[in-house]
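Using the sequences and the accompanying hints, generate a full structural model.
Respectively, the protein sequence lines represent chains A and B.
When the letters of the first sequence are read in order and numbered with the working numbering, they come out as residues 4 to 604.
When the letters of the second sequence are read in order and numbered with the working numbering, they come out as residues 259 to 616.
Derived by calculation from the structure, the hints in this document are not laboratory data.
Given the structure is predicted, the values throughout are model-derived calculations rather than measurements.
Only pairs whose alpha carbons sit at most 27 angstroms apart, straight line, appear in this in silico BS3-like list of lysine-lysine: (1) B:Lys294 <-> A:Lys585; (2) B:Lys415 <-> B:Lys490; (3) B:Lys378 <-> A:Lys588; (4) B:Lys324 <-> A:Lys508; (5) B:Lys443 <-> B:Lys572; (6) A:Lys508 <-> B:Lys531; (7) B:Lys531 <-> B:Lys490.
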Amino acid sequence: MSNEIAVQHGVASHEVHEHHDGHHHHETFITKYVFSQDHKMIAKQFLITGIIWAIIGGLMSVLFRIQLGYPEATFPWLEDIFGHWAKDGKIQPEFFYALGTMHGTILVFFVLTAGLSGTFANLLIPYQIGARDMASPFMNMLSYWFFVLASIILLSSLFVQTGPASGGWTVYPPLSALGDASQGSKIGMDLWLVSLAMFVVSSLLGGLNYVSTILNMRTKGMTMTRMPLTIWALLFTAILGLLSFPVLFSGFILLLFDRHLGTSFYLSDIVLGGNILPNEGGSPILYQHLFWFLGHPEVYIIILPTMGLVSEVMSINARKPIFGYMAMIASMFAIALLAFLVWAHHMFVTGMNPFLGSVFVLLTLLIAVPSAIKVFNWLTTLWRGNIRFTPGMLFCVGFVSMFISGGLTGIFVGNSTLDIHLHDTYFVIAHFHIVMGVSAFMGMFAGVYHWFPKMYGRYMNNTLGYIHFWVTLICAYVIFWPMHYEGFAGMPRRYYDYSGWESFKHFVELNRVISFAAIVSFLVQLLFVFNFFYSIFKGRKVTTLNPWNANTLEWTTPINPGHGNWPGEIPEVHRWAYDYGKDGKDFIPQTEPVSKDESTH
Amino acid sequence: MTWTEYFVIIIGVLIFVVIFQIAKASEYVSVLKGEKKAFQQNNRINAFLMLVFLVLGLAAAWWCNKLLYKKTLLWLPSASEHGEKIDTMMWITIAITGIVFFVTQILLFWFAYKYQATEKRKAHYYPHNNKLELLWTAVPAIALTVLVSFGLYYWYKITGDAPKDAMEVEITGHQFGWEYRYPGKDGVLGRQHYRLTDAAKGNPLGQDWNDVANHDDLHPSELHLVVDKPVKLIIRSQDVIHDVGLPHFRLKMDAVPGTPTTMWFTPKHTTAKMKELTGNENFVYEISCDQMCGSGHYSMKGTIVVETQEEFDKWINSQKPQYVTAHPDGAVAVAATVAPAAADSVKAAAGTGPKSEH
Ligand code: HEM
Ligand SMILES: [Cu+2]
Ligand SMILES: [Cu+2]
Chain A
4 MSNEIAVQHG
14 VASHEVHEHH
24 DGHHHHETFI
34 TKYVFSQDHK
44 MIAKQFLITG
54 IIWAIIGGLM
64 SVLFRIQLGY
74 PEATFPWLED
84 IFGHWAKDGK
94 IQPEFFYALG
104 TMHGTILVFF
114 VLTAGLSGTF
124 ANLLIPYQIG
134 ARDMASPFMN
144 MLSYWFFVLA
154 SIILLSSLFV
164 QTGPASGGWT
174 VYPPLSALGD
184 ASQGSKIGMD
194 LWLVSLAMFV
204 VSSLLGGLNY
214 VSTILNMRTK
224 GMTMTRMPLT
234 IWALLFTAIL
244 GLLSFPVLFS
254 GFILLLFDRH
264 LGTSFYLSDI
274 VLGGNILPNE
284 GGSPILYQHL
294 FWFLGHPEVY
304 IIILPTMGLV
314 SEVMSINARK
324 PIFGYMAMIA
334 SMFAIALLAF
344 LVWAHHMFVT
354 GMNPFLGSVF
364 VLLTLLIAVP
374 SAIKVFNWLT
384 TLWRGNIRFT
394 PGMLFCVGFV
404 SMFISGGLTG
414 IFVGNSTLDI
424 HLHDTYFVIA
434 HFHIVMGVSA
444 FMGMFAGVYH
454 WFPKMYGRYM
464 NNTLGYIHFW
474 VTLICAYVIF
484 WPMHYEGFAG
494 MPRRYYDYSG
504 WESFKHFVEL
514 NRVISFAAIV
524 SFLVQLLFVF
534 NFFYSIFKGR
544 KVTTLNPWNA
554 NTLEWTTPIN
564 PGHGNWPGEI
574 PEVHRWAYDY
584 GKDGKDFIPQ
594 TEPVSKDEST
604 H
Chain B
259 MTWTEYFVII
269 IGVLIFVVIF
279 QIAKASEYVS
289 VLKGEKKAFQ
299 QNNRINAFLM
309 LVFLVLGLAA
319 AWWCNKLLYK
329 KTLLWLPSAS
339 EHGEKIDTMM
349 WITIAITGIV
359 FFVTQILLFW
369 FAYKYQATEK
379 RKAHYYPHNN
389 KLELLWTAVP
399 AIALTVLVSF
409 GLYYWYKITG
419 DAPKDAMEVE
429 ITGHQFGWEY
439 RYPGKDGVLG
449 RQHYRLTDAA
459 KGNPLGQDWN
469 DVANHDDLHP
479 SELHLVVDKP
489 VKLIIRSQDV
499 IHDVGLPHFR
509 LKMDAVPGTP
519 TTMWFTPKHT
529 TAKMKELTGN
539 ENFVYEISCD
549 QMCGSGHYSM
559 KGTIVVETQE
569 EFDKWINSQK
579 PQYVTAHPDG
589 AVAVAATVAP
599 AAADSVKAAA
609 GTGPKSEH
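Here it is as structure tokens:
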């Protein structure tokens with residue numbers, strides 16, 4: 004399984020002989036920074052595109068939170084910017100729903116899937132398994148550019164006359180199938196579907212690459228069970244994506260057919276605004292099955308990579324091996340497997356057969372077990388460690404805290420009996436924002452702070468990192484914790500205004516507090532963005548090869564590695580990645596042969 | 259933009275600049291002081307903040323509960339028997355997950371504080387322990403089995419068949435409102451076909467007037483239910499997916515076009531009683547649409563009145579069948595002429611459209 008294959012004619016083998024930092028003689032600006040085939044550069048492209056999307060998506064949530072927090076107020080500047088979408092300084096319902104839909108789509112797919120997997124799979128897989136690049140650097144490049152294409156299409160949908168899709172990020176038909184049912188179901192919906200179709204192509208190209216690289220291109224000695232957990236996590240993530248995205252794709256294609264070719268896959272017995280539609284025999288529930296067959300694995304596509312990142316960063320900074328390495332792999336395997344068998348827990352109240360529902364309850368609560376194992380393992384990793392609170396490590400602690408809080412509410416909604424009351428209320432919003440939204444962001448931040456020195460040869464500013472972490476953690480709880488109470492009151496999600504409801508209108512002040520915290524937390528993310536870009540150019544320079552005293556292979560490359568990563572031979576691996584604090588030694592890199600008198604475990 | 263808005267922006271930018279300057283300065287200081295010393299100091303601060311966050315966080319959770327508990331439905335008795343089961347389940351789950359929450363969060367932040375880096379200590383090399391791992395696989399599995407068993411026991415009760423004596427009412431959603439239909443004296447809801455829908459002709463629900471069972475069906479503007487009498491809702495949608503959300507009864511069920519769904523329950527408290535229990539003069543049982551259905555989703559409200567049998571009888575006797583509304587000039591005559599062709603007319607309607615029918 005050695006990896007002396009020169010993945011790219013010329014480039015890799017050239018680098019072997021040229022001991023300098025990255026400028027290759029036939030690399031132009033275009034091939035180096037734009038149509039790059041170097042995994043490191045593609046990772047940066049994904050990351051920066053993801054950051055831009057996160058700012059846009061975050062800003063959208065600020066806008067709709069303004070409406071929820073101040074339903075009575077008017078803001079003339081909104082009209083200055085958005086014209087008739089914010090008539091008289093008030094966000095209009097159609098605009099509100101478009102914002103929410105775009106926020107969800109952007110954050111789930113463009114930021115936490117492409118931005119996250121795209122960044123860390125590209126960055127870490129070749130580095131940590133000891134490969135010069137991905138199996139197919141060209142496909143890898145295509146993967147990024149399909150993502151850009153998807154981005155451009157989605158962005159363009161924001162500027163069409165009738166506005167972007169507005170039926171929620173899950174775009175359930177018939178609402179999404181019938182242009183007359185809502186403004187957002189007109190051309191904006193087509194653009195949404197085409198954009199997401201391109202996105203699926205991007206994901207598949209990326210995923211195929213990740214899997215084949217991990218399976219085939221590990222350096223000498225890098226057996227599967229010596230791989231860092233990051234790589235295991237990225238492997239399972241890629242497999243989940245490969246198996247489930249095609250199903251989503253087919254669901255979207257059928258929806259396009261229903262929209263334009265007069266088919267009735269999802270449509271039946273519809274009278275819309277007095278018009279009797281000809282469609283009979285279809286089922287809107289079919290779409291939900293197809294959607295959630297991806298939709299549920301998708302949430303693990305988002306969280307698994309961050310579980311890997313957190314395990315790695317936590318172990319390094321606790322100066323201890325990750326506790327239960329094998330159990331961690333086994334639980335990720337269990338999660339990946341079960342992720343395919345629980346999708347209908349999103350559909351308990353669609354009128355499905357109660358027996359079928361009960362099967363999904365069982366499988367859903369089963370998936371909580373491996374999640375629990377992981378939490379206990381992280382806690383034990385901290386126990387009797389010697390913890391360095393780098394910004395990366397702080398975010399690891401934040402991740403675990405959030406994952407616990409959100410995982411526990413999964414046990415509520417996973418139990419169909421309780422879900423009857425809680426479904427589609429703010430309880431669900433709280434559940435998935437905590438367990439997926441905030442946790443995944445925390446894990447991603449841990450990764451960015453930790454590997455920034457490897458990406459740019461500089462450090463990010465620590466003090467800004469600390470401020471970023473603490474304010475984010477506090478805001479996250481202030482925003483989402485009280486939402487559980489709104490959920491207990493049955494307060495529905497996706498409402499533009501609650502003031503007309505006797506049952507929910509007493510949450511106005513609370514909504515104001517939440518909106519305020521959301522705005523603060525958005526501003527603090529801007530601080531991070533600033534820190535990120537400033538540090539690329541002006542950050543403190545990295546002066547040692549291995550700034551965190553870590554064991555993995557990426558820290559054996561030069562500070563600013565060229566295409567091909569290692570100037571000489573790829574190092575050989577002799578042990579797992581977690582020998583921290585073993586036999587009184589602070590750390591033992593994977594490249595160090597096992598000595599005779601070393602203890603075994 | 260107004261001056262205050264400019265002002266807010268300027269202040270915001272200033273705060274940014276100040277934070278940035280402090281951060282920059284602290285980086286220089288750490289270089290001067292020596293990396294190691296600066297690291298140790300920062301580490302102590304962050305570790306201490308872990309402890310502070312834990313303590314203040316728990317206090318804040320308690321405070322939040324104090325402020326919000328009364329705004330939820332948890333303290334109120336559920337308005338249906340099913341809801342009581344759901345509440346019991348909810349409390350069991352809150353208790354179990356609550357314990358786990360406190361234990362794990364306390365351990366997390368406590369460990370973070372306690373095991374902060376010091377020169378004195380070395381990390382303990384502890385890669386795995388099969389017994390421990392078995393333990394914390396088994397314990398959650400058992401706890402979850404208990405929750406699942408309770409949950410499914412109730413789930414089957416709630417989703418099981420409605421009692422024989424349940425009153426049937428149909429509720430139909432459309433953008434953006436609800437329609438109700440009562441079966442009338444014969445106790446049978448008449449046949450329907452969506453192609454017969456014609457609001458202009460007094461037939462918003464697509465009732466087939468050839469079916470005699472339709473002639474006494476009522477179409478009131480509110481949903482009235484009888485206290486302590488089971489009711490079975492037949493739930494339909496005319497256009498997109500909606501959802502009949504009944505927070506006080508702790509129930510909800512989607513309204514799916516093309517596929518009618520059902521939900522049954524027994525109301526336990528009259529509206530008047532709920533006014534007392536909640537201490538809210540304006541209390542109403544509201545039906546909230548819980549499935550995104552378009553730009554008016556947030557205003558798709560219905561009202562339920564739960565009352566005694568006498569009150570209900572009085573109310574229902576004052577309602578006029580929709581058939582009469584739809585045939586202001588001689589309902590009987592129309593029925594008589596079309597009745598023989600009843601069976602085919604639905605099919606015919608399906609082929610040619612309803613306009614040619616009536
Ligand atoms: C601990 C185990 C978990 C269980 C038992 C669980 C269960 C559920 C259930 C039953 C729902 C549907 C709720 C409803 O719509 O009424 C749900 C929603 C959701 N969960 Fe979880 N969950 C768990 C963990 C996670 C994790 C780890 C993630 C993501 C990383 C996640 C992400 C989501 C998302 C995104 C939704 C909402 C989607 C939507 O309706 O828009 N959950 N969860
Ligand atoms: Cu799910
Ligand atoms: Cu609705």
